[in-house]
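Q: From first to last, the protein sequence lines stand for chains L and V.
For the first sequence, full-length UniProt numbering gives the first residue as 1, with consecutive numbering after it.
For the second sequence, full-length UniProt numbering gives the first residue as 1, with consecutive numbering after it.
No lab work stands behind these hints, which were simulated from the structure alone.
All residues carry an ideal CB built from backbone N, CA and C; glycine is no exception.
Check the hints yourself; a few may be wrong.
[Claimed, not checked] 25 Å max Cα-Cα, derived DMTMM-like pairs, lysine to aspartate or glutamate:
id, chain 1, residue 1, chain 2, residue 2
1, L, 80, V, 301
2, L, 82, L, 96
3, L, 143, V, 307
4, L, 82, V, 307
5, L, 80, L, 136
6, L, 82, V, 258
[Said to hold, decoys possible] Not close to chain V: a few residues of chain L, all C-beta gaps over 10 Å, as computed:
id, residue
7, 33
8, 38
9, 57
10, 64
11, 68
12, 77
13, 80
14, 95
15, 106
16, 154
17, 160
18, 161
19, 244
20, 246
21, 257
22, 269
[Unchecked claim] Non-contacting residues of chain L with respect to chain V, defined by C-beta distances greater than 12 Å in every case (computed):
id, residue
23, 110
24, 203
25, 224
26, 228
27, 265
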Amino acid sequence: MTVASKLSETLAAAKAEGRAALIGYLPAGFPSVEGGIKAVRALIDGGCDIVEVGLPHSDPVLDGPTIQTADDIALRGGVKIKDVLRTVREVASATDAPVLVMTYWNPVDRYGTARFAADLAAAGGAGCILPDLPVEESEEWRKAAGEHGLDTVFVVAPSSKDPRLAEVTAAGTGFVYAAAVMGVTGSRAQVGTLAEDLVTRTRATTDLPVCVGLGVSTADQAAQVAGFADGVIVGSAFVQRILDAAGDEEAALAAVRTLAGELAAGVRRR
Amino acid sequence: MSEKDYLPGAQVPDARGYFGAYGGRFIPEALVAAVEQVAEEYEKAKADPAFAAELDALLKDYTGRPSPLTDVHRFSAEAGGARVLLKREDLNHTGSHKINNVLGQALLTRRMGKTRIIAETGAGQHGVATATACALFGFDCTIYMGEVDTERQALNVARMRMLGAEVVAVTSGSRTLKDAINEAFRDWVANVDNTHYLFGTVAGPHPFPMMVRDFHRVIGVEAREQVIERTGKLPDAVVACVGGGSNAMGIFHEFIPDAGVRLIGCEAAGEGVETPRHAATLTKGEPGVLHGARSYVLQDEDGQTIESHSISAGLDYPGIGPEHAWLKDTGRAEYRPVTDDQAMQALRLLSRTEGIIPAIESAHALAGALELGRELGPEATILVSLSGRGDKDMHTAAQYFGLYDDKGGK
Ligand SMILES: Cc1ncc(COP(=O)(O)O)c(C=O)c1O
Chain L
1 MTVASKLSET LAAAKAEGRA ALIGYLPAGF PSVEGGIKAV RALIDGGCDI VEVGLPHSDP
61 VLDGPTIQTA DDIALRGGVK IKDVLRTVRE VASATDAPVL VMTYWNPVDR YGTARFAADL
121 AAAGGAGCIL PDLPVEESEE WRKAAGEHGL DTVFVVAPSS KDPRLAEVTA AGTGFVYAAA
181 VMGVTGSRAQ VGTLAEDLVT RTRATTDLPV CVGLGVSTAD QAAQVAGFAD GVIVGSAFVQ
241 RILDAAGDEE AALAAVRTLA GELAAGVRRR
Chain V
1 MSEKDYLPGA QVPDARGYFG AYGGRFIPEA LVAAVEQVAE EYEKAKADPA FAAELDALLK
61 DYTGRPSPLT DVHRFSAEAG GARVLLKRED LNHTGSHKIN NVLGQALLTR RMGKTRIIAE
121 TGAGQHGVAT ATACALFGFD CTIYMGEVDT ERQALNVARM RMLGAEVVAV TSGSRTLKDA
181 INEAFRDWVA NVDNTHYLFG TVAGPHPFPM MVRDFHRVIG VEAREQVIER TGKLPDAVVA
241 CVGGGSNAMG IFHEFIPDAG VRLIGCEAAG EGVETPRHAA TLTKGEPGVL HGARSYVLQD
301 EDGQTIESHS ISAGLDYPGI GPEHAWLKDT GRAEYRPVTD DQAMQALRLL SRTEGIIPAI
361 ESAHALAGAL ELGRELGPEA TILVSLSGRG DKDMHTAAQY FGLYDDKGGK
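Work out the full structure, taking the sequences as your base and the hints as a guide.
A: Have a look at this one:
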């Protein structure tokens, strides 16, 4: 990319402050479309530098029970791709934070790759993470994304061997999403040792920032990961706060802001 | 697509696992190394005569292959007088075709040095076959099965547990086969170091559609010889039920170059393809990506999978193997919907005319053969894949026909 994207600039700014960036995830349409828009804004108000808006899918094979439940609530509430794009638009127009979409490949494929890229860019989206689209199958998507200035974030896993890491990171832009553990989304008691090794091996293949997600839920874990990564990605823990609020919107938004604040302090700890 | 694309020697799938526009490998990065390992090990095994010898011995002495070919005269009378021949996969050990693929992949699992096997199951036949192989080879075994299916196929749940497998009832989504596959993928991502996902049909990421087909090719290879020996010629049509499509690919494959032989897959039409309650993926679906491959999918305009419905747990799936999608688009195979009612009538008919109780899945193929026989008439010969036996379905059949009443379903 010739000009630095908003996503790259945000990550560079965090780095210039000597800290990792905080990236928060919530699915659109959860608990409702309007409630979801407020919740994503609460992520940013609380201290997230970047947000990922989930496009809920009927078959979230890479998600654990928490995000499955949220996707289910969103889909039963009737969330459509146009609502996801509206969520992106409302958040992007109200804040400076880069807004990414995270989803599975089939909704994008079905919507039309070029059409999705165009509509996401028009909504002010910064890019997309498609964890079931491996680089080998991604050419069409990367072309469409490139034409609309969208970043294409790819995932690497502890099982990725070094030559493979080089292939994946060469295809991506914005940052590299390093999966901290082998498994699906969901909070875990410990981040474990796989993540740091993966970040080290990934850095050897690319100048892109490397952000770590999967299993991170507390300020202490955020601080630990911030010690070796360029960004910390938190999803299920935010979803759980909203589920715990059991329909009390104000309480849910307050809990999201509070957790974002704690995590933001975590990535600044040293 | 030109005709020669499916003539003998045609290389399908290509190196990336594509059958025309269908197939491929849409998987998370965490599974790339494991799926590549399966592909590499399968290529090595194919080149190793010891692998083929061991598999052949198991198919013969453990499964009981070759499976017989049965002329069903009284049933044929109802099929417009056409001569119907059944390829008896129901007589395999464990009661269905599923064991053919399972033994192949079990040998592969041992070659890869893995010690734990997971699998999805709908009707429970793939789960039973997998639990059986795990008992035989000494692997740990976990089977994922939709909660709806654990209820309608309770006998098979008990069989799997008897064989030492852990059976997990999946409560997400439609609580059927699709969701069992989702849960198996989640397990695999977390345990891929020691675990092989023994996928049960010709769907999923490359190399599964090709490899599972290859392990089931024996059905068609045997049947083609048996039919020629019995009748002196090729059949006019080969009919099989399609859920994910493994028994159909297995019996079709050897006949693909025989341009005069019609290949007909019977999809589950549930309460009818004009209703929302069916599983007729090729009739009503559109191209998309589900469970690791591009193929036809029952989906809405946002790419969300639509829940399927069928009285048959093994056909109750909103996806289909990519090679079938390709055979459909090229016109080499035809796919027809068969309703719950048609299948149940065919199930009872075969039971009462021939003394063979088929699985409800296989009864879809029988219903297709009845329809086709009436179209083609008495000169025709129709080969049917009788993919499994019906013991597991007696509860469903008893409810459907009222067999628990004194009148005995008259
Ligand atoms: C007896 C029998 N036939 C057919 C099927 C459908 O599977 P496939 O389409 O892969 O042959 C099943 C699946 O459970 C089955 O048990």
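Q: Would you say residue 160 of chain L is clear of chain V, with no C-beta pair closer than or equal to 10 Å?
A: Since the minimum Cβ distance to chain V is about 6 Å, residue 160 of chain L lies within 10 Å and the statement is violated.
Q: Quick one, are residue 143 of chain L and residue 307 of chain V close enough, alpha carbons at most 25 Å?
A: Violated. Residue 143 of chain L to residue 307 of chain V sits at ~33 Å, over the 25 Å cutoff.
Q: Taking the shortest Cβ-to-Cβ distance between residue 246 of chain L and chain V, state whether it exceeds 10 Å.
A: holds (21 Å)
Q: Does residue 136 of chain L lie within 25 Å of residue 80 of chain L when you go C-alpha to C-alpha?
A: violated (28 Å)
Q: Should the label of residue 57 of chain L as a non-interface residue stand, given a Cβ cut-off of 10 Å to chain V?
A: Per Cβ check, residue 57 of chain L is inside 10 Å of chain V; nearest 7 Å; violated.
Q: Taking the shortest Cβ-to-Cβ distance between residue 33 of chain L and chain V, state whether it exceeds 10 Å.
A: holds (14 Å)
Q: Closest CB-CB distance from residue 106 of chain L to chain V, is it above 10 Å?
A: Not fine: 4 Å to the nearest Cβ puts residue 106 of chain L too close to chain V.
Q: Would you say residue 38 of chain L is clear of chain V, with no C-beta pair closer than or equal to 10 Å?
A: At about 23 Å from chain V, residue 38 of chain L clears the 10 Å cut-off, so the statement holds.
Q: Minimum Cβ separation between residue 154 of chain L and chain V greater than 10 Å?
A: violated (7 Å)
Q: Is the nearest CB of chain V more than 10 Å from the CB of residue 77 of chain L?
A: Holds, because the least Cβ-Cβ distance between residue 77 of chain L and chain V comes to about 13 Å, which exceeds 10 Å.
Q: Quickly compare the C-alpha distance for residue 82 of chain L and residue 307 of chain V to 25 Å and report which way the hint goes.
A: At roughly 22 Å apart (the allowed maximum being 25 Å), residue 307 of chain V and residue 82 of chain L satisfy the hint.
Q: Can we trust that residue 224 of chain L is non-interface, i.e. its beta-carbon lies farther than 12 Å from all of chain V?
A: holds (21 Å)
Hint violations for this structure: numbers 3, 5, 6, 9, 10, 11, 13, 15, 16, 17, 18, 23, all remaining hints satisfied.
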